[in-house]
Every structure is written in structure tokens, then in C-alpha cells.
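K.L.:
We have chain A already, so just place chain B on it with the hints.
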Amino acid sequence: MGENTRVTSGEGKQYIVVGLGTEQYGIDIQFIDNIVRMQRITRVPKAQSYFKGVINLRGEIIPVMSMRLKFGLAADEYTNATRIIIIKLEPQSAIGIIVDEVKEVVMLSEDVIEKPNYDSNDEKISYLSGIGKHSGNLISLLNIAAVIIEKEAI
Amino acid sequence: MDVSQYLEIFIDETKEHLQSLNEQLLILEKEPDNTDTINEIFRAAHSLKGMAGTMGYKRMQRLTHDMENVFSEIRNGKMSVSAHLVDVLFQGLDALEGYLAQIQENANEGEEDNEEIIQALNNILEEGLGGGNQTKPAASAETKTEIKAEAVHIAETQSNGLEKYKDFVFADYERHAIEKAFEEKQNVFGLTVSIVETCLLKAARAFLVFKALEEMGEIIKSVPDVQDIEDEKFENDFSLVLLTKCSYDEVRNAVLNVSEVKDLAMGTIELEKEEEEKKEQQADSNQSPAQSAAVQAKKEKNAAAAAKQAAKPVVNRSVRVDIEKLDVLMNLVSELIIAKNGLVSIGASEGDNKNYSGFNEQIEYLERVTTNLHESVMKVRMMPIESVVNKFPRMIRDLTKKLNKNMELYMSGEDTELDRTVIDEIGDPLMHLLRNAADHGLESNAERVAMGKPEVGSIFLNAYQDGNNVVIEVKDDGRGIDVKKVKAKALEKGTISHEQAESMTDQDVIELLFRPSFSTAEKISDVSGRGVGLDVVKNKIEGLGGDIECRSVLGEGSKFIIRLPLTLAIIQALMVELGAEKYAIPLGSIQTIEDIPSEDIKYVQTREVINLRGKVIPLIRLGDILDVEPIEKEDTNLTVVIVAKGDKLAGLVVDNLIGQQEIVIKSIGKYINNNKIISGATILGDGEVALIIDANILV
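As given, the protein sequences belong to chains A and B, one line each in that order. By my numbering, the letter at position 9 of the first sequence is numbered 1263, and the numbering carries on one by one without gaps. By my numbering, the letter at position 623 of the second sequence is numbered 635, and the numbering carries on one by one without gaps.
Next comes chain A alone, as it looks inside the complex:
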């Protein structure tokens, strides 16, 4: 929670940079509850294809989704660097996101963030809240709520 207050008081926001395939994504740190290593996932039948199942995190049942599958990339290959990022948008409902690796924490101020061009035909663009520039690299900043909350009807 300490970071939480620091984020708002600083000149920018803190993002955790994660690697997914060849790209880098940034997740606003205020939504992140925890980062855990890959662990045994219990499959949930009939769930959306990108949901890998649920895990037991210290007595709490947390659904876990694969970012790769959600973004239409190749299926995950679990390595030593694979992590589950636990996101809490609301106090009672956590959700885990599987990423290839967690790289670093960066501080991005408003002036290095570019807004993405809005295109209503492209669903995936709504997953992004902006593009951040950091030491020569581009980081796609995730609009985490849009990624998590189901839009397409099944």
C-alpha cells in the first residue's frame, strides 16, 4: 500500500513492466496486489478459453487467465521466469494474470505517455490506455479493467 500513496504524490505513475512474447506491457502498480510464481492450476470446465483455471493463494481461490491467449498469441510455455500477477480491482475479487516475465518497475510521467488512436473496430486497442516511452523502449500500458472484464458474449 506504501507504493499506492507514493504513486499519487509523485509526478507520474508507477508501472510494472512485464514481458509477453516480444512485447513489453506496463500495468499500473496500484491495481497489483501481489506477484507469485507459477503454481498448480486447477482447470475450470466450460470457462472461457483464456481462463486457465483457479489457484489457491493462501486460502483464497483466485481465477487465473492467460494474457497470451487473451491477446491471441501462442499458448504459454511455463518457464522459471513465468509469473502470475494478482490484480485487485475491487477488494473482494482478485484475478491472476499469467505473464512470461516481470522485468522492472518504472515511473512514467504524463508527458512521456502517448494516447493510442481510438479505433472502434479493433477490440484490442481498448486494452491499452497509452504507450509509454522509457529509455528508448516502448511500453504498452494496459487498461487493466478492460482486459479483465468480459466484453465479448460467449
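These are calculated hints, taken from the structure and not from any lab test. Since the structure is predicted, the reported quantities are computational estimates derived from the model, not experimental observations. There may be inaccurate statements among the hints.
[Unchecked claim] Simulated restraints, written as ranges between beta carbons of each label pair:
| # | chain 1 | residue 1 | chain 2 | residue 2 | range |
| --- | --- | --- | --- | --- | --- |
| 1 | B | S361 | A | R1291 | 47 to 53 Å |
| 2 | A | S1380 | B | Y476 | 40 to 46 Å |
| 3 | A | L1343 | B | E459 | 24 to 30 Å |
| 4 | A | S1347 | B | L669 | 47 to 53 Å |
| 5 | A | S1347 | B | D45 | 38 to 44 Å |
| 6 | B | D607 | A | K1300 | 55 to 61 Å |
| 7 | B | E117 | A | S1347 | 43 to 49 Å |
| 8 | B | G506 | A | E1368 | 49 to 55 Å |
| 9 | A | Q1293 | B | E28 | 48 to 54 Å |
| 10 | A | S1303 | B | G567 | 50 to 56 Å |
| 11 | B | E226 | A | S1380 | 56 to 62 Å |
| 12 | B | H96 | A | L1343 | 31 to 37 Å |
Beta carbons: idealized from backbone N, C-alpha and C, even for Gly.
P.N.:
Below, chain B alone, put in the same frame as chain A:
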């Protein structure tokens, strides 16, 4: 200190008073001469007014004041209770509830003046008393004289030691302040306020008294001092000295307006007389050590009482817990610790003499303790259903007027207890069913008479406990469901095919009413008399782990039966294996477990069924439904778990049985979409997650 910390109390109490007003008004409507009821109403209205006033809610106060005037006239026998009068009073109560809702939202009563209701109340007063414009002042004069009469009454009883303020010893600076007040022609009053013994939050009451008085003048002295009063370190009364420009009556009314003030002794303080008393006081001081010891003892008692009161929380999501239940919990926890110590000592004994029978004994002991603990915690979470259903008589009364049908609501089993979360959720579905019964179920009075039924329709709301379930029935003696019409409608809408219609039993047809597609149909209520949002009701009840069914006899009425589990969080379940995965099936829905030779499987319309003791039961291959990777099995026998939902049975084919286990139900969150087959998850002893299958969905 500010008022906001008393907001919770205010809201709680206002709710209670409003509920009691609602109930009493209903009684009053039936028995206009019941003096007990009238007195009760008057008392509740008076407390409400006082509370609203002290909290600074002027509009609310004004409305209650005008209502109180009407009650006062009824009490004095100057007005009779008419249907119109009760209507207006109910409107008034609704308006008060509106204020309360506003206050709950943002601590502000809002801008609504409810002039119409006030006007209507005043009109009633005028008509009832046959007087002109003078009525209102006359009415308030009336109340004033009453209070004065009370004052006289109190003055008479004052000799029994309530005038503690007379025993005040003033310090020099206090004398100075009093003298100065005399010079400025201010009144100096001594007050001794006593609070009803049963009052739970005496400090809050005292604070409200202080606040009311501080608005009028200056309090220069109080016994016990303010700090002690705030900490509730006082018996049932406290005394103070007030410097004010307000009159005796004004001060008196302000104090008496605070609810749960039992008595008030009040008088003007004169300094000369005071000095004599001071001497007397000194003479008395020899006695004081003994007295103070007594006071000390009383204080301790008070602290104990305060601890008890702490069990009554004032925040929103809270449960009032019986202190005995907490004691039981405490005992169980200490037993838990003993059990743990027993295990530790067995673990510590090294070598060959490890006592395995002792170990098993300890495990059994632990099991007993945890089961009891579970039961006790559940009991703490239980609440009587009364808090939900007590608003229904009022609702039925309103419906009587609105639908122009005479009907009567009979309730039983209001003390049946249910889990707190269920109580919170069950109100809306029940209201829905009652409305349906009143609106569509019951015929109009004329129709009823023509059919030879009693003119007044009856609606029953019965609750009772049945094993591990609580059953709530909503029954009416109305026209019942016309199965033929429902069937015709379903055919017309294409919900069912003609072949299906042929083979459907009446019960199957009634089940159709719970289908979502049915309830959205506009005309269905004309056809069948049912169907408004029944799917919503069903969803809600199933969400609570319960189920609902409907029985109906054409022309005689219908009955909705809601079955809810007593406890939500922990259940007994059968653990089964499907392939390499583990699943839990709640024991409550399991009938039997059968070993079926595979050659006994028959086919009906290409579906697998078995004939079990004369009953044809469809087979469901759980593994296929849940997309489990099949494992090779040579077995010629199938393990079939027979589950039931109401009268319907189904056989779930599983690969392996693990055993019965007590499991803790956890939600799998709202993000995963799983067609409801999975109702939750649980964590097994080894930390693995097992999913819970909702057999009701499969049957």
C-alpha cells in the same frame, strides 16, 4: 464530539420506531379504540420527533410534530380513526422513511418538505376538531399543558431524592459565573436528568441532552464531570447547572425531547440557600467514604454492563450477538488449544513409544471441537426471518387499497432463523411472490363471491425448519395456475414443441413459468396470472444455494415453496475423481450411490438411462460434460451417484469415489463464466483446489 458519531444510533433507532409505528398503525386501523396501541404510537412518534430535532433534521422533526399532534388528539379521544386518516399517516411514515434513506446515504435529510402531507395532516386536525384556524395552536397548547401537568407530577415526586442538583457544592469561579448570570438577568437552572435503566447507550443520551442544552445557554457544572459522562461512568442520572436566557419550559421541553430520558428534576438555583446546603454537605461528609465505596462498586458493575453493550454494534453490516453464544465460542476455542497441545505432546514423544491410538484420539477430539465450533459460528450468523417479513403486512395493506381487493396476510414461523447473508437477499424474492399472489393469484372480491369462496382472499407466509433446510411457503387461495393456458402460450411462443407438450405433466408445465423467456412476455400475466419476473426470483434463490418449486390447483390457489440451506459456508460433500481431477458433490443432493453393470444401460431416444428399482433414471457422464480427459478403464461396472432435485433424479457417472468430507465453500469469482455447473471451489487438505458441482443444474 459531534453528532455524526451518533448517526448510526439515530438511524438504528429511527428504523425501529418507524417499524413499530407501522405495526401499531395497522393494529389501530383494525381496533380504533385500543388505548395501549395509541399510547405506544404516541410514545414512538414523540421519541422520533425528539431524536430528529436533536440531530438537527428540521424537516423530519416538523413532519413528526404534525403527526404527533394528530396522535395526541386521537389519544385524547377528540378524534376518531378513519381510513383516510390512516392513509395519510402511512404516507407520513413513508415520507419519514424517505428522509431516513437520505440520511443514511449522506447524513442529510434532503430538501423535500412534504408540504402535502403536512397540509393533509392539518386538514384532518381541523376537520376532526371542527374548529377553524385556531386548531393548531390549540393543539400545541394542549401538549404544552400536558407537559406542564407532567412537570407538576414530577415536582410532587421530587422528594424522593431526584433533586441531586441541590446538593451541588460550587467552587468560587462557579459562584462567580452564577452571580454574573444573575446580573445579566439570565436564568440559572439546576437539572437532574435520569435516564431509563434499560438504555443501552447512556453516554449518547447524555450527550444529546448536553447538546440540546448547550444550544440554549452555558453549562457551567456537571456531576459527574463531562469526561466521566462521555465514558459512561455514571449511574442512571446526572446533574448539571445551566445558565440560559431561555424560560423554564423551553429548557424542560428540550431535555424531555431526548428519547429515553425517564425523568427530569429542575429548579432555579439561588446562591444564598446554596451556602447553607454547603454546610450541611460538609456535615454529611463523614458518611461519604462508605458511600464512595458503594459508588465504586456500582461503577465496576457499570463497566461490566458496558462490556455487554459492546456486543451490540452500531455499524451497518453487523450482527447482534448473544453474549452466551460468545461464551460458547470462547470455550470452544480454549478446547481447540487444548487439542492442539495434545497433538504437540504426542509429536514430542520420540522413538518407539509413539502412541498411535493416542494420536487418533486427539484427532477425534479435534474433529469434535471443530464441528462444534462451526456450529457455534453459524449460530452467531443466524438471524430470525422476522426482520425481513415484518414489513409485509404493511405492503399487503397498501396492495389492498391499490388493487381494490380485500385480502389478509397470515404469517407463521417468523422466529425461524437463517444465515445473515440469506436474510439480506431473501426479502426481494419474497416480496415478489407476495405481490404476485395478491395481484394475479387472488381473484377480485366479486369473482370470489361468485365462485363461492370467502370474499376476503387469504395469503399465507409460512416459514419453518426442515432438517438442514429452511422452508418458506407463499400460498394463496386464489384462482391457481391454468395449465392449459400456459401450455398454449408456450406453444405459441415456441418455447416447447407439440411433441413435448404432449408428454409434459402439469408439473412440467408449471415449471415453464420459471423460464426467463416466459417472464418477459407481456401478456402472460393475463393468461396464466403468473410469470412476472419469476425467473429472477428463481435465480436469486438458486444463487443462495436453494431451490423453488410451485404447486397449484386450478381454482383453489397456488403455493410457492422455497427451500434454503441452513448454512452456506461449510457443507458435507462427496469427493469424486474424474480422470485425474477431483470434484465435490454436495451431500445434500445425493440420494444413493450405485454400482451399475454396463450392460444394464438402456437407451431411450439415444440417451443413456438405467432402470433402478422400477425407476427410469437418465445417466449423465460427468467426465464428458466437464471435458475431462478420459482415462482408460477396463471396468465393466460404472459408479453412479444418484442425485435428486425435488422429485427428479439423475445418475452421475464418475470414475472413482474418494469419500465424504466437510468442505468450506469458496467463490471462484465473478470473472469466470462457467454455465453454473460449478457452484464454487474448496481447498483440500493438501492445498489442492477441488471444484464443487452443482447437481441441481445437471438434473
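K.L.:
Each hint needs a verdict: does it hold in this structure or not?
P.N.:
Tested hints:
Distance hint check for S361 of chain B and R1291 of chain A: the Cβ-Cβ separation is about 37 Å, which falls outside the suggested range of 47 to 53 Å. Judged by the Cβ atoms, the range 40 to 46 Å given for S1380 of chain A and Y476 of chain B is violated: they are separated by roughly 52 Å. A hinted range of 24 to 30 Å is violated for the C-beta pair L1343 of chain A and E459 of chain B, which are about 54 Å apart. Separation of S1347 of chain A from L669 of chain B is about 33 Å and departs from the stated range, judged on CB atoms against 47 to 53 Å.
The hinted range of 38 to 44 Å is not satisfied by S1347 of chain A and D45 of chain B, whose Cβ atoms lie roughly 57 Å apart. The supplied range of 55 to 61 Å is broken by D607 of chain B and K1300 of chain A, whose beta-carbon atoms lie about 28 Å from each other. Range check, E117 of chain B to S1347 of chain A: Cβ separation about 25 Å, and the 43 to 49 Å hint is violated. Here the CB-CB span from G506 of chain B to E1368 of chain A is close to 53 Å, well matched to the stated 49 to 55 Å.
The given range of 48 to 54 Å is respected by Q1293 of chain A and E28 of chain B, whose C-beta atoms sit roughly 50 Å from each other. Restraint check, S1303 of chain A to G567 of chain B: a C-beta distance of roughly 52 Å satisfies the suggested window 50 to 56 Å. Range check, E226 of chain B to S1380 of chain A: Cβ separation about 58 Å, and the 56 to 62 Å hint holds. In this structure the supplied range 31 to 37 Å is violated for H96 of chain B paired with L1343 of chain A, their Cβ-Cβ distance being about 53 Å.
In this structure, the hints that do not hold are numbers 1, 2, 3, 4, 5, 6, 7, 12, in rising order.
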